[in-house]
Amino acid sequence: MTSFKLGGMTFGSLFKKPETCQYPAEKKEAPVGLRGHIVIDEDKCILCGICQKACPCDAINVDRKGRIWAIYSFHCILCDSCVRACPRQALSTSPDLKSVTTGKFESVSFIPDPKVDKA
Amino acid sequence: MGKATVIPFGPQHPVLPEPLHLDLVVEDEKVVEAIPQIGFVHRGLEKLVETKDYNQFVYVAERICGICAMGHSLGYAETVEQLMGVEVPKRAQYLRVIWHELSRIHSHILWLGLAADAFGFESMFMHCWRLRERVLTLFEKTTGGRVILSVVCVGGVVRDIDDAQMAEVISVLEGITDEYLQIMNTLISDYSVKNRTVGVGYLSHEDALELSMVGPFARASNVNYDVRQFGKGAYGDLSDFQPILSNEGDCYGRVVVRCKEVLQSIDIIKELAAKMPAGDIAVPVKGAPAADAEACNVLEQPRGECYYYARGNGSKYLERMRMRTPTSQNIAGMVKALDGCDFADVNMIVLTIDPCISCTER
Amino acid sequence: MKYTTQFTTIPADSLSETVAACKQRQWRYVQTLAVNGEEGIDLIYSFMDMATGLLENYKVEKLAKGTHMPSITGDFLEAFVWENEIHDLFGINFDGIAIDFHGAFYALATPEPMTVISPAQKAAREKAAKVAAAKAAKEAKAKVGQGAAADDMEAKLAGMDPEKAAKVRAAMEVKAAKAEKEEK
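Protein sequences, first through last, are from chains A, B and C. Counting from 0, one number per residue, gives the positions in the first sequence under numbering that gives the first Met the number 0. Counting from 0, one number per residue, gives the positions in the second sequence under numbering that gives the first Met the number 0. Counting from 0, one number per residue, gives the positions in the third sequence under numbering that gives the first Met the number 0.
Calculated from the structure, these hints are not laboratory results. Just so you know, these numbers come straight off a predicted model, no measurement behind them. Heads up, some of the hints might be wrong.
Stated by the list, open to error - Result set (DSS-like, lysine-lysine): computed pairs, CA atoms no more than 27 Å apart in a straight line:
| no. | chain 1 | residue 1 | chain 2 | residue 2 |
| --- | --- | --- | --- | --- |
| 1 | B | K315 | C | K126 |
| 2 | B | K46 | C | K64 |
| 3 | C | K129 | B | K285 |
| 4 | A | K52 | B | K51 |
| 5 | B | K315 | C | K61 |
| 6 | C | K1 | B | K274 |
With the rest of the complex left out, here is chain A (with noise of 0.2 Å):
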């Protein structure tokens, strides 16, 4: 007669904290480091498209004379090449995971011209 070995951890299980959460209702507290998306402070932003150069999928489209960064999330991988590769530190990662859409979009932002501001 041999003995139920997993015996102890199945009768652990009866009272133990399970390993996962009853998600949507809770959600996990998301980690200080983790990727979840591309967040541009425009205020320090300089068009200079060093951003655009550096992305391995191409997301990024810096138009400097319409002063627009736009970033098309749908291909951004987050391996923060542009957040590293940007000279004024403009750029950074969230850690907000972005729900669900129906349609895909670029996310666009108007860079303010610091020029024209303080004229």
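Since the structure of chain A is already known, use the hints to place chains B and C on it.
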């Protein structure tokens, strides 16, 4: 004398993590011959070196396979560093090895769950993957991603693990060890598990050498080869490293080898965490590989020895990047092990090579 | 046991003897790979000496597409995976593979895709060749002993694309004309 029937196995099968097709010639419940076929996930990733420069290709190399993600980015970065003559700082080497050993722990625990599922022990599968969740949470906290880590770059690593996080890593691993020892005890000494794995898919030491098998698949047939014993990088600073071998040569031996390797990896991480030097985590890499420069590199991934080859052509795009993965080397061994087995054991034997077909086909 | 690597070039017809010698010395077979070089396809066979830790890479250079090479599956069965793959992706024929898929190993849309050079790759190679040629010319001039600054600019211009180079040249001429005017 029975009639021969050909039964197709795969490419969709509950036991396979990735698609593999086998044509099994079966006579009266015994498999006479097995003809493998792969090519269902061929994505032509090696051709992408032509359009992604050598810094961007790290992210492509990572995504060759989800289970071996850290291994491929590490092997690629080491090969390009060798090509360009870049010396990585000590702290970066230690961090890379710690993440790589964590990757080995998660891969082996994943495999132990699948192996248990292959002969029907589903509750063991659930317990193994429950423990694996803790390792994935560690990855999330230290690198920002659960499966695709994106933490290696050519020249070092991009993130640091500070002392507080390292202490957390060690305490989580110690918490895993207690429950893991119960799982290991069940897998190694339980009567039902032994019934399904002892004597199944036996490959002798001579067969293993002749078919040039690699990884735990070969070490279970007593082939004493593990790339980590060469002592490259931070592995050279370990006080003692002995590959784990087994004399059994059958599925039971392979289960035992992988079980013990998890404990060995936990010990390696604890030792390196205690010895971690301070310093930079990366050196800046400028320029491009010289034309006609070549480099090759081997790395011990969870599934075995992986060979990398890189050639430069003077521009920032590499001329050729080649990854030879361990599973492709073991396919011939799998075909030999399937000869003469029972039809019900095919699941177990196919799974014991730890097939990672996405790596094989790229 | 120390890990060392080595690259050795061997002629194509001595491949079978080299591989048989490795088998006799009980070296372990590591892999076969193909590289689509400028002048032809190179094949690299790797073997590891388990006693010393030497990883030896034998290179067979500059084969044309469609060349027939002997298969090594007689000595090392596991090479059938690589030989079928190289046949499908590069177009080198191997005679006598133990498990031969006759071109059906991978289901590809383009035959021999690794030998197709995309426009981006061609542009990058040409640019690298231009930069290397300009650098060599500059070094030859420096040996003769002419001014270094002008040559620096020339080397940079050679590497840029023609439109940008023309703009830079025009700007340089304007600057030079302005400097002349100021001197007067």
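Hint by hint, here is what the structure shows:
1. B/K315 to C/K126: holds (10 Å)
2. B/K46 to C/K64: holds (18 Å)
3. C/K129 to B/K285: Holds. C/K129 to B/K285 sits at ~19 Å (cutoff 27 Å).
4. A/K52 to B/K51: Distance ~11 Å between A/K52 and B/K51 Cα, so the pair holds.
5. B/K315 to C/K61: holds (23 Å)
6. C/K1 to B/K274: holds (24 Å)
Violated hints are absent here; each numbered hint is respected by the structure.
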